[in-house]
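Asks: Order-wise, the sequence lines are chains A and B. If you read the first sequence in my numbering, its first letter stands for residue 1, the second for the next number, and so on. If you read the second sequence in my numbering, its first letter stands for residue 1001, the second for the next number, and so on.
Calculated from the structure, these hints are not laboratory results. Virtual Cβ for every residue (Gly too), placed ideally from N, Cα, C. Check before you lean on any hint, since a few could be wrong.
Listed next, the stretches of chain A that the computed footprint assigns to chain B, with coverage defined by at least 3 CB atoms under 8 Å from CB atoms of chain B [what the hints assert, rightly or not]:
| # | region |
| --- | --- |
| 1 | 62-74 |
| 2 | 140-151 |
| 3 | 180-193 |
Among the chain A residues that face chain B by a calculated CB cut under 8 Å, a handful are [as the list claims (entries may be wrong)]:
| # | residue |
| --- | --- |
| 4 | Thr21 |
| 5 | His77 |
| 6 | Arg78 |
| 7 | Ala80 |
| 8 | Arg96 |
| 9 | Arg97 |
| 10 | Asn163 |
Simulated restraints, written as ranges between beta carbons of each label pair [claimed, not checked]:
| # | chain 1 | residue 1 | chain 2 | residue 2 | range |
| --- | --- | --- | --- | --- | --- |
| 11 | B | Glu1076 | A | Leu71 | 27 to 33 Å |
| 12 | A | Glu15 | B | Asp1177 | 38 to 44 Å |
| 13 | B | Arg1036 | A | Asp121 | 36 to 42 Å |
| 14 | B | Arg1036 | A | Leu71 | 38 to 44 Å |
| 15 | B | Thr1053 | A | Ile72 | 31 to 37 Å |
| 16 | A | Ala35 | B | Gly1069 | 32 to 38 Å |
| 17 | B | Asp1026 | A | Ala128 | 51 to 57 Å |
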Amino acid sequence: VLSVSLGDLAGAYLEAIGDLTGDRLRHLSAFISVAAQLILIKSRALLPRPPEPPVGREQEPDPETELRERLILYRIHRDAAQRLAARLETGLRLHRREAAAALAAGRAGVSGYVARPLDPDLLPAALAGLIAIAPLPEPEPQLVRRTITLAERTAVLREALRNAPAVVLQDLLEGTRDRVLAAVTFLALLELVKQREVEVEQLIPWGPIECRLVTGPAAS
Amino acid sequence: VTEEDALARLSGAEPGPGETELRARDLEALLFIAERPLSRTEIRGLAGVDRETLDEVLGDLEVDLRDRGIRLVLSEDRVELATAPDAAPLLSRYLGADSFRLSPSALETIAIVAYRQPVTRALIERIRGVDSDHVLRSLLHRRLIVEHSRGEGVGRPIRYATSFEFLERFGITSLDDLPPLEAEVAERLVSDGSEEGSEVEAG
Chain A
1 VLSVSLGDLA GAYLEAIGDL TGDRLRHLSA FISVAAQLIL IKSRALLPRP PEPPVGREQE
61 PDPETELRER LILYRIHRDA AQRLAARLET GLRLHRREAA AALAAGRAGV SGYVARPLDP
121 DLLPAALAGL IAIAPLPEPE PQLVRRTITL AERTAVLREA LRNAPAVVLQ DLLEGTRDRV
181 LAAVTFLALL ELVKQREVEV EQLIPWGPIE CRLVTGPAAS
Chain B
1001 VTEEDALARL SGAEPGPGET ELRARDLEAL LFIAERPLSR TEIRGLAGVD RETLDEVLGD
1061 LEVDLRDRGI RLVLSEDRVE LATAPDAAPL LSRYLGADSF RLSPSALETI AIVAYRQPVT
1121 RALIERIRGV DSDHVLRSLL HRRLIVEHSR GEGVGRPIRY ATSFEFLERF GITSLDDLPP
1181 LEAEVAERLV SDGSEEGSEV EAG
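Turn these sequences into a full structure, and let the hints guide you.
Replies: Below you can see the structure in the form of structure tokens.
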């Protein structure tokens, strides 16, 4: 440890850290831990030490021994990792039966081994084919504006009364499901009453509304 | 009642009445149709045999399969059938190329887990001397290691172990087949075990 320059070591380490991307804080803290241990070992090796430890004081673990053991332990596992890597390189792996996947692949006629790589142009062609067979989306429903005028409905009422002496409003609107049409017709009828052109009669509430043309002096 | 016993009971793996015999060929058939590794408890429950009998039959089956294209794979309490490592070249031609690479740091970490399992992150970092959180997460994500158990010390740290995926990837049928460490070193690791264990729990 006396021959190792800690300054050079720190310089080399910082240079390596500089090349790293991402979270470097963890690597720095690990280095500080190792460097502190090295400094302690080196300082103890350089400075004179008492010949015997004080009586009654527990012997502290020797950091140099600790570090050496740790490095040996690391080397052992690093070597083991290299042997595992060599084993991995051979590609002699095990395969298990994957029943569900194998069954699905068999049904689909899939073979895992493809002799020649597929042409990448097949992908856009397949997409174009898919688009061609896809049904067009349903058009969104549109709201159509409709205009029903009092004049139109007044004309209808006049025409009905011209052909008959009396008209029942409910009969005139029979089959009409449009509430707006019914309402405007009713308003047109009221307008004709207001103008004294038509008179109406309803004997019972909700009963038939009978309409007649006004005759005589009132009509003029 | 352990969790595994409870699961075995729920899955209907209760001992059948009068079933006291288990032949190696029956066990082979059972493992052949199983869609996952089976625990010894499950097999014992299904066959109605005791632990010694099952171990004996597993040993017989392992010997029977030694020269066959399939192997018995054992990981702790669990058992499965897998293809023999030397059949891999042919199978890879059928299944397609399967490139699998691990970084040096991942290999170092998995070596420590493999030889010292179950092992905490603290011990891994003590051996490697660097933070190993990221590499552990990566190995977990690749299903090469699993969270095995929890330590008894402060914070109950997670203890990691290798998985079936690890055995399959490295072509190993049992952890006993791992490449041996140096003899002296292995001795030292064994003698260090208890001391290191207590240190790890505290970390």
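Asks: All hints, please: hold or fail.
Replies: Here's how the hints hold up against the structure:
1. Against chain B, the region 62-74 of chain A contributes 4 residues with a C-beta closer than 8 Å to a partner C-beta. That satisfies the three-residue criterion, and the hint holds.
2. Closer than 8 Å: that is the beta-carbon criterion, and the region 140-151 of chain A has 0 residues meeting it against chain B, so the requirement of 3 is violated.
3. A stretch counts as covered by a chain when three or more of its residues have a beta carbon under 8 Å from one of that chain; for the region 180-193 of chain A and chain B the count is 0, and the coverage is violated.
4. Below 8 Å, beta-carbon pairs count as interface contacts, and threonine 21 of chain A has none with chain B, the closest being about 13 Å; its hint is therefore violated.
5. Taking 8 Å as the C-beta contact cut-off toward chain B, the hint placing histidine 77 of chain A at the interface holds, the least distance being around 5 Å.
6. Restraint check, arginine 78 of chain A versus chain B: the minimum CB separation of about 6 Å is within 8 Å; hint holds.
7. Interface hint at alanine 80 of chain A: satisfied, since its Cβ lies 4 Å from the closest Cβ of chain B, which is below the 8 Å cut-off.
8. The interface hint given for arginine 96 of chain A holds, since its Cβ lies 5 Å from the closest Cβ of chain B, which is under the 8 Å cut-off.
9. A distance limit of 8 Å between C-beta atoms decides the matter here; for arginine 97 of chain A the minimum to chain B is near 7 Å, and the interface restraint holds.
10. A hinted interface residue such as asparagine 163 of chain A counts as satisfied when its beta carbon comes closer than 8 Å to some beta carbon of chain B; here the least separation is about 85 Å, so the hint is violated.
11. Glutamate 1076 of chain B and leucine 71 of chain A have their C-beta atoms about 31 Å apart, which keeps the hinted 27 to 33 Å range intact.
12. A C-beta distance of roughly 42 Å is found between glutamate 15 of chain A and aspartate 1177 of chain B, which places it inside the suggested range of 38 to 44 Å.
13. In this structure the hint that arginine 1036 of chain B and aspartate 121 of chain A lie 36 to 42 Å apart at CB holds, the actual value being about 41 Å.
14. Between arginine 1036 of chain B and leucine 71 of chain A, the C-beta spacing of about 41 Å keeps the proposed range 38 to 44 Å intact.
15. Under the hint 31 to 37 Å, the C-beta atoms of threonine 1053 of chain B and isoleucine 72 of chain A, about 44 Å apart, miss the expected range.
16. For the pair alanine 35 of chain A and glycine 1069 of chain B, the beta carbons lie near 54 Å from each other, so the given range of 32 to 38 Å is not met.
17. Between aspartate 1026 of chain B and alanine 128 of chain A the beta carbon distance is about 55 Å. The supplied range of 51 to 57 Å therefore holds.
Checked against the numbered hints given earlier, this structure breaks hints 2, 3, 4, 10, 15, 16; the rest are met.
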